[in-house]
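Put chain B on the given structure of chain A with help from the hints.
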Amino acid sequence: MLARRTVLVLTLATLGGCVVVQPYQREHLADPTMQRTDDPLAAQAERKLHVSREGAGGGDGSAAGGGCACGN
Amino acid sequence: MRAATSLALLAAVALVAGLSVAQPSEDEGERWVLDELAFRLSYSDQRGRGGQSQAGARRHRDGTIRGSERLHVINPIARLGVRQNERVRHVLTIPVDVVASASADALDVVSRASLWNEAVSVQLATTIDATGDDHLSLRGSYHLEETLRSLEVGAGFVRDLACDNATLEASLNASIDWFDPITPQGFDWGYEQRRALNANVGVSQVLSPTTLAAASYGLTRQWGLLEQPWNSIPTVPTGGTLTNRPREVFPGSRLRHAASLQLLQRIPRAGGTLRLRYRHYRDDFGLVADTARAAWVQWLGPRLTGELSYRLHAQRGLRFFTPFIPNPAELPLEPRTADSDLADFRAHELGVKLRWYFSRNGARGTESLDVGYLRYRRPWMRIDTASVGYRRQF
Chain A
0 MLARRTVLVL TLATLGGCVV VQPYQREHLA DPTMQRTDDP LAAQAERKLH
50 VSREGAGGGD GSAAGGGCAC GN
Chain B
0 MRAATSLALL AAVALVAGLS VAQPSEDEGE RWVLDELAFR LSYSDQRGRG
50 GQSQAGARRH RDGTIRGSER LHVINPIARL GVRQNERVRH VLTIPVDVVA
100 SASADALDVV SRASLWNEAV SVQLATTIDA TGDDHLSLRG SYHLEETLRS
150 LEVGAGFVRD LACDNATLEA SLNASIDWFD PITPQGFDWG YEQRRALNAN
200 VGVSQVLSPT TLAAASYGLT RQWGLLEQPW NSIPTVPTGG TLTNRPREVF
250 PGSRLRHAAS LQLLQRIPRA GGTLRLRYRH YRDDFGLVAD TARAAWVQWL
300 GPRLTGELSY RLHAQRGLRF FTPFIPNPAE LPLEPRTADS DLADFRAHEL
350 GVKLRWYFSR NGARGTESLD VGYLRYRRPW MRIDTASVGY RRQF
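Residue numbers (numbering that gives the first Met the number 0), protein chains in the order written: chain A, 0 to 71; chain B, 0 to 393.
Hints may contain errors.
Unchecked claim - Straight-line Cα separation of at most 25 angstroms, SDA-like style, residue types lysine to any residue; simulated pairs: (1) B/Lys352 with B/Gln392; (2) B/Lys352 with A/Met33; (3) B/Lys352 with B/Leu262; (4) B/Lys352 with A/Arg46; (5) B/Lys352 with B/Thr321; (6) B/Lys352 with B/Tyr141; (7) B/Lys352 with A/His49; (8) B/Lys352 with A/Ala42; (9) B/Lys352 with B/Phe323; (10) B/Lys352 with A/Arg35; (11) B/Lys352 with B/Arg318; (12) B/Lys352 with B/Ala294; (13) B/Lys352 with B/Arg391; (14) B/Lys352 with B/Pro267; (15) B/Lys352 with A/Gln24; (16) B/Lys352 with A/Gln34; (17) B/Lys352 with A/His27; (18) B/Lys352 with A/Leu28; (19) B/Lys352 with A/Ser51; (20) B/Lys352 with B/Ile266; (21) B/Lys352 with A/Asp30.
Unchecked claim - With the C-beta cut set under 8 angstroms, the calculated list includes, among others, these residues of chain B facing chain A: (22) Arg78; (23) Ser203; (24) Arg265; (25) Gly285; (26) Leu317; (27) Arg318; (28) Tyr375; (29) Pro378; (30) Val387; (31) Arg390; (32) Gln392.
Stated by the list, open to error - Listed below are several chain A residues computed to face chain B (Cβ distance under 8 angstroms; list not exhaustive): (33) Val19; (34) Val20; (35) Gln24; (36) Arg25; (37) Leu28; (38) Asp30; (39) Thr32; (40) Met33.
Because the hints were derived from the structure by calculation, they are not lab data. The C-beta atom is built at its ideal place from N, Cα and C for all residues, glycine as well.
Same shape as in the complex, but just chain A (with noise of 0.2 angstroms):
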């Protein structure tokens, strides 16, 4: 079930790739506050913390659980 939502919001947002911003458009998503990892070492910090506090942490991009002894 969780499988067949996914890969419906997949089809869903892909489907959008129609919408085409040109390049002379992009001030805004230019901007610092607009990355979709704004801070790859403060978003790495605050992992740490969910991981090692939470059993949900990971599983999105890199593996989940394992990789240090404080891993759920």
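Same frame as chain A, now just chain B:
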């Protein structure tokens, strides 16, 4: 451990030194250039009580048996970005964890082993622009922590679509941990392994000149000794002692799903950006979690931003979670854990951050200094984290 830390620092220094003397070679098109430098230092102060700790453990009104989980964490991280040529870029990241006064578990009552715990990782990621629209990535990391060693390798692919208005991403990762488990009773049965395979797919899409959305899904399969062998289960009525407190037991494999959605909305009139993220997680141990995070980033001046964030994590714990065991002598060796991190709970996190941008040639965001504070709170636990970071992109 100190030797490993020194080796990692030496490697980083050698890399920087090598860059400083590297000469451009026009014939080969090679031009090793440092293009990013970042440092971050954070300090966390954790206060709370949990089922794993035997430090002052006692039975509480809700029936749980908890000891102090007070600890301090110092977490410096360094990141170097190096462009080898027009198509190849490398990023070296070295996080270090120093955990002081870690929670006293069964062994610590005797050895005090967790009073000071150090860990260091060396992570190297390489991206290759195969064509104008296709990008490959390779990454590897090695982690050293007391008796644990971990190796992770991965490969990824990103395709830009629709004139860079969308991306399609896929990656595969594999990891293996080696560690020397010691049971709460002090038995050492030699080195064990924990392995994981992970696959991810994702898309991102520009929805308008001010809106960006992304979605991803990751699947992880783990095998091996998945429990923390030094974790133990309290016994009633006293909480147990070194000799009769049984160890945690997990099944030998675990299948984990994680799906996330992200939406970034710039609001020019307000001078700010709304950052939203939702994540759903579930696995075959019965753990289900929903996490939502909302952040507002406001330009407070031409060079200063302020960020206010809130994160809610709602977790339904493992189906074999138990806060205590009444009669360990008659208990079969079936899955069980009393780890408070794997129980039912809701966690709230509030964060504030100020970031100062040093303007370089009018380019906004190429160099910045930030200070931040996070408070993480859940039943029986509170973590305060202060951080300072510097980043420069050349």
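The hints, checked one at a time:
1. B/Lys352 with B/Gln392: Holds, because 20 angstroms separates the two Cα atoms, which is no more than 25 angstroms.
2. B/Lys352 with A/Met33: Holds, at about 16 angstroms.
3. B/Lys352 with B/Leu262: 20 angstroms, holds
4. B/Lys352 with A/Arg46: 17 angstroms, holds
5. B/Lys352 with B/Thr321: 38 angstroms, violated
6. B/Lys352 with B/Tyr141: 31 angstroms, violated
7. B/Lys352 with A/His49: 18 angstroms, holds
8. B/Lys352 with A/Ala42: Judged against 25 angstroms, a Cα distance of about 13 angstroms means the pair holds.
9. B/Lys352 with B/Phe323: 40 angstroms, violated
10. B/Lys352 with A/Arg35: 17 angstroms, holds
11. B/Lys352 with B/Arg318: 37 angstroms, violated
12. B/Lys352 with B/Ala294: 10 angstroms, holds
13. B/Lys352 with B/Arg391: 18 angstroms, holds
14. B/Lys352 with B/Pro267: 20 angstroms, holds
15. B/Lys352 with A/Gln24: Cα-Cα ~29 angstroms, so violated.
16. B/Lys352 with A/Gln34: Holds, at about 16 angstroms.
17. B/Lys352 with A/His27: Within the cut-off at roughly 21 angstroms; holds.
18. B/Lys352 with A/Leu28: 21 angstroms, holds
19. B/Lys352 with A/Ser51: Within the cut-off at roughly 22 angstroms; holds.
20. B/Lys352 with B/Ile266: 19 angstroms, holds
21. B/Lys352 with A/Asp30: Satisfied, since the Cα-Cα distance of roughly 17 angstroms is no more than 25 angstroms.
22. Arg78: 6 angstroms, holds
23. Ser203: Holds, because the Cβ-Cβ distance from B/Ser203 to chain A comes to roughly 7 angstroms (cut-off 8 angstroms).
24. Arg265: B/Arg265 check passes; min Cβ-Cβ to chain A is 4 angstroms, inside 8 angstroms.
25. Gly285: At about 10 angstroms, which exceeds the 8 angstroms cut-off, the nearest Cβ of chain A leaves the hint on B/Gly285 violated.
26. Leu317: 7 angstroms, holds
27. Arg318: 12 angstroms, violated
28. Tyr375: This hint holds: B/Tyr375 lies near chain A, its Cβ roughly 7 angstroms from the closest one there, short of 8 angstroms.
29. Pro378: At 12 angstroms from the nearest chain A Cβ, B/Pro378 fails the 8 angstroms test, so the hint is violated.
30. Val387: Status violated, d = 11 angstroms.
31. Arg390: Where the cut-off is 8 angstroms and the nearest Cβ of chain A is about 7 angstroms from B/Arg390, the hint holds.
32. Gln392: 10 angstroms, violated
33. Val19: 5 angstroms, holds
34. Val20: Holds - the Cβ of A/Val20 comes within 8 angstroms of chain B, reaching about 5 angstroms at its closest.
35. Gln24: Holds. Min distance 4 angstroms.
36. Arg25: Because about 7 angstroms separates A/Arg25 from the closest Cβ in chain B, which is inside the 8 angstroms limit, the hint holds.
37. Leu28: Holds, because the Cβ-Cβ distance from A/Leu28 to chain B comes to roughly 6 angstroms (cut-off 8 angstroms).
38. Asp30: 6 angstroms, holds
39. Thr32: This hint holds: A/Thr32 lies near chain B, its Cβ roughly 4 angstroms from the closest one there, short of 8 angstroms.
40. Met33: 5 angstroms, holds
Checked against the numbered hints above, the structure violates hints 5, 6, 9, 11, 15, 25, 27, 29, 30 and 32; every other hint is satisfied.
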